[in-house]
Amino acid sequence: MAANFWTSSHCKKLLEQEDIAHVSPIDQNRGLTTEDAKIIKVHLSNYIRKLAQHAKVRQRVVATAIAYFRRIYTRKSFSEYDPRLVAPTCLYLASKAEESTVQAKLLHYYMKNFGTAPDEKVFRYEIKDVLEMEMRLLEALDYYLVIYHPYRPLVQLLQDAGLTELIQTTWALVNDSYGTDLILMYPPYVIALACIYIGCILKEKDARTWFEELRVDMNVIKNIAMEILDFYDNYRQIPEERVHAAFIKLPPRS
Amino acid sequence: MGEGAAPKPPRPAWLQEYELVGKIGEGTYGLVYLARSKKLSSRGVKIAIKRFKQSKEGDGVSPTAIREIMLLRECMHENVVKLVNVHTNHLDMSLYLAFDYAEHDLYEIIRHHREKLSCSINQYTVKSLLWQILNGLNYLHSNWIIHRDLKPSNILVMGEGEEQGVVKIGDFGLARIYQAPLKPLFDNGVVVTIWYRAPELLLGAKHYTSAVDMWAVGCIFAELLTLKPLFQGLEDKSGPNPFQIDQLDKIFKVLGHPTPDRWPTIGHLPHWQQNKSLIQGHKYDNPGLHTVVQLSQKSPAYDLLSRMLEYDPTKRISAAQALEHEIVLNCIFWYSTSICSGTSIIVSVRGDRQILRYFRAEPLPGRNALVPGQPGEKIVVYPARPVDASTDFDGISSTQSSQIPSSNSAAATSASATAAPVGATARPHQQMPIVGIQRMQNTSMGTFNVNAQANIPVVPANMYLHRGPQQQQQQVHQQARRREAGNMQNTGSYQPPAKSRRM
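Protein sequence lines, in the order shown, are assigned to chains Y and U.
Mapping of the first sequence onto the numbering used here: position 169 corresponds to residue 169, and the numbering continues sequentially without gaps.
To convert, take the position in the second sequence, counting from 1, and add 1000; that gives the numbering used here.
Simulated from the structure, these hints should not be mistaken for lab results.
Incorrect hints may appear among the rest.
[Said to hold, decoys possible] Simulated crosslink set (DSS-like; lysine-lysine; CA at most 30 Å straight-line):
| hint | chain 1 | residue 1 | chain 2 | residue 2 |
| --- | --- | --- | --- | --- |
| 1 | U | K1250 | U | K1276 |
| 2 | U | K1056 | Y | K128 |
| 3 | U | K1082 | Y | K76 |
| 4 | U | K1039 | Y | K76 |
| 5 | U | K1056 | Y | K50 |
Just so it is clear, the structure is predicted and the values come from calculations on it, not from any experiment.
Chain Y with its partners taken away, still in its complex shape:
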């Protein structure tokens, strides 16, 4: 478990693309499309990252928070679980799980200062809303909280390949892979391999022999790489109006 991905709940709970792309009926009724859902998730993953920078927590906390956030919406609707509250609460929960607790007070302070939507000035959720949502998230996650990330295997694999000079490039690629749902679909080391694959192409390194020796399914690696490149092409910079158009379909806050 803690050291072994293969026996972990994370491994057992890996999902297929169609489980993830699915939009719940209640969201569909509000006109929310698969594309809207994707944009909301990308936007709020970035938001989690922004809050985390201010709260000065480590990368792994951010990664865990985003993984929680994305996992929640494979099970719950945006309409019932307002992502604008769920996102900061995921960071709050992840900070406890990863043993670098961020105080609710402090988190709330940053929430007030940095809104989730482009036009947002004041964040209307209170500390107590975060605490209530924390419990609901624990339930929604079915109390499975251990998440593995590609960072550790990335370092080990780069060493094995003798490509340690790629660490910065590939580390950034891993960071950006959280703009997608890949963490819910593939073992972390496969994501790491895909990032190395892209890194090799970007930096013109020939690692074909090394990849061949791994005897991994290169089609899987390439599919993941395509997904990451698609993120760069289409979701790195989402126009404000597009974000707004997606968020406006969410129910107004109570």
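Let chain Y serve as the given structure and place chain U on it in line with the hints.
For chain U alone, coordinates are given in the frame of chain Y:
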């Protein structure tokens, strides 16, 4: 818990799944209850429910609870307590962890022997308990979890039922994943009850390892043998992290002074430097662990114990090694001595070397630690955990609180009830009303050692006080007993896939 005056909130739906029996424990985090399942699939099964209050600072679910849930949700091992469910109460933001109920723990078992029976724990039970503790710990350590708070009260033992006498390591509130921690482990403050605290912690180590758990197991092993805590230091409670000089003093008195020779990196530990005059000034001689635990220095049990209590954490035996422990003796003839904890037998004789293995020597460890391997041996009936039946789920109104299941109340007058703890002050729940449960003397279960010697006498009441030659049973076995005891295979050694060559 002083909430009686509050207006009664509606009961969470999950409460329907349980019939509350009473309160069985109390800690800083909250309370522990005993309940019976009302679900059809598991009707009547006893469940321990641990309630975590909302953290005081208004910071939601306590990080301790999060950590315990997170780790136990992934753990699947016979010797690790099983988290069967988690429930929430949104009204007061509390969290309820439901565990398989264990009737006993080592604290109570040891106390029962010391205060009621005045006789040591039989060697089969000691060995089986130790084997299972190590087996569970090996699973945790190979999954990069340090428990950090091992002590007799956290080593649970299952009561009557299909898992009777099976050890469950419990209370993961302080447990940590130590693979790539984001902060030094030290940052989280207090760890491990001072009596079971490893010397590197006492000397202020900031980065520590699973070896701290092995030290605690050594202390528990000794306590199982002598019925007394091995190092009973007086805790200094001043300040957040005071230097525990008295605890170190107790350790040094038994094990002798640690030297840079035995422990090369000791000089790097903060307190070793800062408190030079206090620690290094005092001279300790006559180290005598074997006299304290009354074991022959040549017995495998002693050898194993002394390796667990190795000062240098890097040299201390690991759980995996302890399970495979062996001692190689260089002498021509070796007559084994059977004393308190371990019957030594010759496992192999190669020239002038013999290899002795504590866990491979008779009596072999078994799954049911409470039922002795020898068919004729007397079975010790341990009292049931005291239950305060006058309680209710904290913060939740209920009407059926003061009902004790009839089987319990009937047994309250039985012989076992009189043997239950009386007048104890060490732990709060011991002062509660006592409900004893007469135990079925189930000899058919878990007796893996039917081949073992049947003529071992019932452990005399004063055995550990008068250990004379007449009790030193001599057993010489020519062959190793390689028979595996039932289903006690080592399930803990998972290999992390460093690099998978196949997908």
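Results for each hint:
1. K1250(U) - K1276(U): holds (17 Å)
2. K1056(U) - K128(Y): Within the cut-off at roughly 14 Å; holds.
3. K1082(U) - K76(Y): Given that 30 Å is the threshold and the Cα spacing comes to 28 Å, the pair holds.
4. K1039(U) - K76(Y): Since the Cα atoms of K1039(U) and K76(Y) sit roughly 27 Å apart, the hinted pair holds (cutoff 30 Å).
5. K1056(U) - K50(Y): holds (28 Å)
Going down the numbered hints, you'll see the structure goes against none, and every one checks out.
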